[in-house]
Amino acid sequence: MTGPPLLAVEQLSVDLPTPRGPLRAVDEVDLELEGGRTLGIVGESGSGKTMLSRAILQLMPRRARIGGRVLFDGRDLTRLDAEALRRLRGRSIAVVFQDPMTSLNPVLTIGRQIAETLREHLEIDASAAATRAIELLADVGIPAPKQRLRQYPHQLSGGMRQRVAIAIALSCEPRLLIADEPTTALDVTVQAQILDLLDRERQRRDMAMILITHDLGIVAGRTDEVAVMYAGRIVERAPTARLFKAMCMPYTEALLAAIPKLDAPPHTPLAVISGRPPDPTQPFRGCAFAPRCRYRAERCADQRPSLIPADPSGHRYACWHPISPRAA
Amino acid sequence: MDGSLLEVRNLVVEYAVGGRTVHAVSDVSFEITRGETLGLVGESGCGKSSLGRAILQLTTPKVGSVRFDNVELTRLGRGPLRRMRQRIQLIFQDPIASLNPRRRIGDIIAEPLRIAGSASRSTRECRVRETLSAVGLEPDQVVGRLPHEFSGGQCQRICIARALVIEPELLVCDEAVSALDVSIRAQILNLLEALKARYRLTLLFIAHDLAVVKAVSDRVAVMYLGRLCEVGSTEALYRAPAHPYTRLLLDAIPVPDPEVRPPQSVPLGEPPSPLAPPSGCRFRTRCTRADACCAEVTPELREVAPGRQVACHHPLVGA
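Chains as they are written, first to last, in the working numbering: chain P, 1 to 328; chain B, 1 to 319.
Simulated from the structure, these hints should not be mistaken for lab results.
It cannot be assumed that every hint is accurate.
Pairwise CB distance ranges (calculated) [claimed, not checked]: (1) Gly144/B to Gly67/P: 39 to 45 Å; (2) Thr60/B to Pro19/P: 45 to 51 Å; (3) Thr21/B to His154/P: 45 to 51 Å; (4) Asp224/P to Gly144/B: 47 to 53 Å; (5) His267/P to Tyr15/B: 34 to 40 Å.
Positions of the beta carbon are idealized from the N, C-alpha and C atoms, including for glycine.
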């Protein structure tokens with residue numbers, strides 16, 4: 001696995017203008033992702049995980065300021081012009097968003113929306129596109145795909161709409177799929193189906209995937225590597241098994257502890273992270289998690305910890321007082 | 001425990017939509033004992049919110065009885081019903097949408113007291129401050145401000161304060177923590193547990209997340225397409241689910257441990273529409289144990305063990 005990774009994000013920062021001053025949504029993030037691998041990005045709302053994915057796609061609000069580089073297959077996406085980006089998005093990098101009702105066009109049929117993507121990026125005629133659209137709908141588990149082509153998004157359930165959104169994302173055989181909270185709007189029994197579908201298609205197509213979620217339960221079983229974000233930064237990153245066996249960053253530990261466990265008896269008090277994330281428009285020194293951290297010391301308030309170089313297991317974290325790793 | 005506070009019998013809620021009927025709640029019966037928390041679990045569209053609203057008579061049930069403290073709510077007139085509603089309060093999923101954006105927090109929380117018309121202005125202020133402290137907010141920093149100045153978690157604390165300020169006996173929480181981040185959700189769940197003890201509340205906790213429901217409930221009722229599938233003590237129901245749908249729900253929860261294999265997805269599709277629920281057992285179209293009997297005979301909720309009821313012809317336990 002030598003050679004350059006499929007995706008390399010280097011020192012990526014995003015500043016958004018607000019009436020209260022610039023808001024740093026993403027703060028000096030570094031990431032790499034090899035072809036065919038799955039990276040989970042975990043964080044709570046406002047942690048910057050969605051803005052990071054938008055920055056990778058160069059889908060940013062007009063007045064946003066981006067620093068750093070996004071290398072995809074060796075090309076720096078931050079330097080591409082609009083036309084080159086348009087050819088790349090949907091073709092080589094595809095996205096699935098949280099809400100399939102808003103990501104699909106309500107006044108166009110399913111068939112038209114899939115064919116549109118195909119004909120935009122691939123040189124095929126209308127009938128070939130229609131045939132391909134039926135195959136794609138069948139791939140993503142939609143019953144009676146031929147009839148579905150003529151239906152509109154509102155005629156489908158939430159789960160079926162998300163399958164259509166996935167079919168569109170997969171239509172041009174992308175090398176990277178970004179799934180941003182793809183199952184958050186869905187019921188739990190449908191969620192499992194959609195996650196299985198994404199996993200199966202990823203393996204079949206040897207596609208890399210970034211799975212963005214707030215749910216540590218979802219990344220645990222379905223990713224090779226996990227990055228935890230807090231206040232715009234990656235605070236811990238490790239191969240998935242390693243992370244859950246020996247988490248070092250107190251925030252990761254606290255986030256896991258705050259989830260109600262199915263095997264705990266009823267009325268077990270939950271471990272609580274007191275307070276709230278910092279206001280991103282206010283500059284702060286030190287570690288952003290320090291005010292809520294039970295391990296904090298003087299240094300945490302003054303000096304910002306950076307992500308330490310990876311240990312032999314590939315584990316990195318940004319903390320002055322890491323939880324002592326258990327023997328692993 | 002001193003008897004049931006709420007008793008729901010054979011409740012039916014239906015809506016007419018474009019000449020068709022949505023069967024939101026079909027023949028549901030259960031009771032809640034004073035001081036207990038009953039969790040009501042189900043996926044979207046199963047009728048759990050309609051059930052919660054029908055208890056408060058915010059939706060008029062078509063058939064059935066709702067008895068609260070031995071008073072039949074379905075037959076009460078407007079005045080008596082309004083007085084009764086002071087004893088039953090409701091908290092919704094979206095805390096920000098539940099608060100009037102133009103009113104100050106102090107006024108929002110005093111409103112239920114003002115409507116009840118019992119207390120003087122100074123008593124009201126005093127009660128508002130007390131309740132704000134109880135939900136973990138600093139009254140001086142809160143009363144004069146507007147909802148938009150607060151985060152989602154803080155707004156939910158404000159909604160809880162508004163519900164508790166007239167000291168209700170029954171609190172219906174309809175997906176009250178579903179819109180919150182994990183770390184904030186844990187704070188609110190712990191807060192509800194603490195307030196339940198302090199105000200001697202009885203809770204109907206409606207949610208789709210089984211792990212969240214387990215954390216707060218004494219008993220759990222599972223609902224599918226308008227009907228109850230299973231009711232039982234939390235411990236017993238989670239240890240050994242009797243209804244195949246409960247089993248399916250439990251198996252679908254992703255566990256935050258990479259050594260636990262991810263849930264095997266159910267190849268059996270999605271819930272059918274409540275516009276045209278299947279005959280007999282409504283879960284049969286997704287059930288691996290279904291046979292001809294399930295299509296013909298609607299399984300009634302029956303006791304399979306003390307305190308354990310299941311509506312299934314082929315239950316996983318207690319057959």
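Now the hints, each set against the structure:
no. : hint                             : in the structure
1   : Gly144/B to Gly67/P: 39 to 45 Å  : holds (40 Å)
2   : Thr60/B to Pro19/P: 45 to 51 Å   : holds (46 Å)
3   : Thr21/B to His154/P: 45 to 51 Å  : violated (20 Å)
4   : Asp224/P to Gly144/B: 47 to 53 Å : holds (51 Å)
5   : His267/P to Tyr15/B: 34 to 40 Å  : holds (36 Å)
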